[in-house]
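Q: Modelling step: build the complete structure from the supplied sequences, incorporating the hints.
As a plain string of letters, each chain reads:
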Amino acid sequence: MKARVTITLKNGVLDPQGKAIHHALEGLGFSGVEDVRAGKVIELDLAEGASEDDVDAMCRKLLANTVIENYAIEMVD
Amino acid sequence: MKSAVIVFPGSNCDRDMASAIESVSGRAPEMVWHRDSDLPAGVDFIAIPGGFSYGDYLRSGAMAARSPIIAVVREAAERGTPVLGVCNGFQILTETGLLPGALMRNKSMHFTCRDAALRVENARSVFTHGYDEGETIHVPVAHHDGNYQTDADVLDRIEGEGQVAFRYLDDINGSARGIAGILNAKGNVLGMMPHPERAIEKAHGNMDGRRLFEGLFEKVF
Amino acid sequence: MTEITPEIVAEHGLSPEEYDRIVAAIGREPNLVELGIFSVMWSEHCSYKSSRLHLKKLPTEAPWVICGPGENAGVIDIGDGQAAIFKMESHNHPSYIEPYQGAATGVGGILRDVFTMGARPVANMNALRFGRPDHPKMRHLIAGVVAGIGGYGNCVGVPTVGGETNFHRAYDGNILVNAMTVGVADADRIFYSAATGVGNPIVYVGSKTGRDGIHGATMASADFDEDSEEKRPTVQVGDPFTEKLLIEACLELMATDAIVAIQDMGAAGLTSSSVEMATNGGVGIRLDMDKVPCREEGMTPYEMMLSESQERMLMVLKPGKEEMAKAIFEKWELDFAVIGEVTEGGHMVLTFEGETVCDIPLGPLADEAPEYDRPYVETPRPAPLEDEPDSKDVMADLEAMMGSPALASRRWIWQQYDSQVGANTVQKPGGDAAVVRVHGTTKALGITTDCTPRYCFADPREGGKQAIAETYRNLSAVGARPLAVTNCLNFANPQRPEIMGQFVGCLEGMGEACRALDYPIVSGNVSLYNETRLDDGSSMAILPTPAIGGVGLLDDWEKSASLAFKAADEQIFLVGETPHHLGQSVFLKEVHGREEGPPPPVDLELERRHGEFVRTAIGEGLVSAVHDISDGGLLVALAEMALAGGMGADLHLERLNARNRAAMLFGEDQARYVVTTTDPDALRKSAKENGIALEPLGTTRDDGQITLDGNDSIALDRLRAAHEGFFPTLMEGEL
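Protein chains in written order, with UniProt numbering: chain Y, 1 to 77; chain B, 1 to 221; chain U, 1 to 735.
Among the hints, erroneous ones may be present.
Unchecked claim - Using 20 angstroms as the maximum straight-line C-alpha spacing, the simulated DMTMM-like pairs for lysine to aspartate or glutamate come out as follows:
#	chain 1	residue 1	chain 2	residue 2
1	U	LYS331	B	ASP156
2	B	LYS202	U	ASP555
3	Y	LYS10	Y	ASP77
4	U	LYS589	U	ASP390
I should point out that these hints are in silico values taken from the structure, not numbers from a laboratory.
A: As structure tokens, then:
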């Protein structure tokens, strides 16, 4: 079992990286972008018996910084 | 003789590089803005300085490598003009493909600022002929993404072709085979993580970097 | 429109009396925008309402002071038409809640204070206080704070050249992150905040405004609950890349003659920057809130005025300069908007969607803000130290102390900071003070931060004196002439008389030391309410921590001294009397677990004379290595010099005839230095002529060990392992 954790900045939190990527895309002539938000994907290869609740605890304790980030967990067989 | 230092938004060793060039060559370089689409006429040496171009966002050097000026730098490099990329400049050169490989996060995961002992592996290039082959020199490093990686075939090839210019004597950042700086196949493009422009004069406590510029300017001009 | 209830008033951190005062000042009930503006301006952070009365007593003047407290940063003359501009500021509460961003934005804020005034920042320092290393949260906090300071400073390209780190359980729930920036400017091109010229455009530059840190400024001055994690969304995110662009754009514009006044938007954002600019210029201000660049949809004037979004500045331009200025900011890909104008009449007027949403007189916001004479009780003098312990095994005690949190090498921290960008760093972290060359000259600035909170807790007045004296000593030890200081005064709740007593005591001591040493205070910051309410209802106050940042000048960087032993067979001397004071020493705390007794008294006249002697000896080339004696005492100072130089020492202290060996070796008596020399006769002669006590201690040796009186010895390798091992071991595996 694998878990895919997607971590994104909360709405309203400044995303310096997204902002810089947006600028660079415009500089390359890609004008069709309204906004860019950058995040992270973390894949966990889970041992037997590890549950989504465990992954949720991992997100809260380490993987995401819930001050500024949201996370979503996707369990993949 | 004329040198150019390329300045990107977020470059922060541009002025240090200019001071080093002026201190050694006696002539201040032209500072070239990233949006320019031309180099000043008659440039015989191009430096891409360290810093955090575009904040190192996305990947270090990734966005700078797609700037208008880089196309011109690439043409100059292909014509044989010496191009030196230091730290972020090295990261930019790998992102442009002018040098093979990539610079990943340091093995320690920490930014590391310290003195690094280097072995000069190739003292035949336009940049390194002021050193002796096998000599140990000291040049400071200051980077977060200095862990040089590429696949084994490429490593074997660049080792075999004498493209490894400098190698760390200690494991500074986890680089494959301790690689600190590499040359392109023609030997006119050098990328290195250590900062030779911070080892130029007595105030720096170490002048080992000066010899790189002295050797270069002796050959080029 | 929102009705202003007592609950809303309380949520804004205002007392009922303060609310009545607002109503009286404006002659009516305020609306929410106005209440928000008052709450920000009357917070401790902006108004200094509990501290102002006492801050006024500090000495702030000297012939070389160009601008003292009151502006964004202090300015001193460093000769040749140049000025050094510097300040220190706290970012304590945000750093506890989100250590990386809290520390990073702290660095960003202090950088803006300095380049706002026209200086290119040339050095950063930081003073950090953490709780017990084994506290469950502490590794996470240390890792985040250090990475945040590095992440911001490294990216903007300003070298972080030093600082200090302490651990104490009093900071378990309230760490301190104090950041200092030093910049250099032309003395005739300093920019101030006073808005002038009715009709002049007010310009907003930098990043857009988001809903970052709303209530941050009021939070920074509020009591710190154990549940403060609930307050998390108020933490703002820093963008050092934008700050770097903002530095370059501002310096480019400052090279023209377009700017009338400039002020950064720090904590309290647009509110405090606009109010301060108008107040300092004695004018009014009108802002059109529809023109404020916003990052999010639907932001209200209240949110815009209270937002703490980072990397923003407010300027008053000369008329007709807008287009030229705009072109510079657009080149650097930054926002630029004319959002208002300077007005007559001393009012702050805000309009939004065609309506006036705020119209208040500026007087009550700033100059007439509340000022409190908080009741205080003087801290009782500590009892003399009873049962002075001696050392049974001097070298074992030395090894334990050198590997303790108090004295262990901070290399793990400072290696994460780019200390050399700018290529002017002559002395890197790890010495008594950093030495940074002034670019293009032979001059250099000496920079240090110091404070010994355990001394301040035991005896605020002596502790305040000592903090100033130690910066004076550290600057002298590198050969820099101490010129002026900045401070960051971190204390607990000033409404408790014993805490206010600590504050008053420390300030009295600081003022006395500054006057005696001709060493004025030119800028500073106060951070109060640094305490944690515990589950049982009691409060854990931090130790009183008046962190001091000292700046000195060397005419020639080549004539600076460092602490490393340079060569074998050089003579080692103690400058100053034989130490004997064990109260509040590291030895007592780390070896015996006791925090007792009075701190070492500070003799300011001796500090001055010994400092002058050491600086002269350095200038004349009479000494090869210099180190001040502070935490850990004489033997620790010698061990640090040996480790830095990779050079041992053969020490002979038999003659000193100590009553107690531990007190002699580990006592922390003040006004002392260790020096080495190749010319002992000349040094002795100079000491004799100046009436300075100079005691021979032994000789440097190339034998890799420290030997004492021919019998006790310890290998440098062993000492180094203890000294360097603490941080890597503590932090192993922490991301």
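Q: Now look at each hint and say whether the structure bears it out.
A: These are the hints, each one checked on the structure:
Taken as a hint, the U/LYS331 and B/ASP156 pair is broken in the structure, with Cα atoms around 44 angstroms apart against an allowance of 20 angstroms. Under the criterion of a C-alpha separation no larger than 20 angstroms, the hint pairing B/LYS202 with U/ASP555 is consistent with the structure, at around 16 angstroms. Note on Y/LYS10 and Y/ASP77: the hinted pairing is violated, with a Cα-Cα distance of about 28 angstroms set against a maximum of 20 angstroms. About 13 angstroms separates the Cα atoms of U/LYS589 and U/ASP390, which keeps this hinted pair within 20 angstroms; it holds.
In the structure shown, a violation is registered for the earlier hints numbered 1 and 3, in ascending order.
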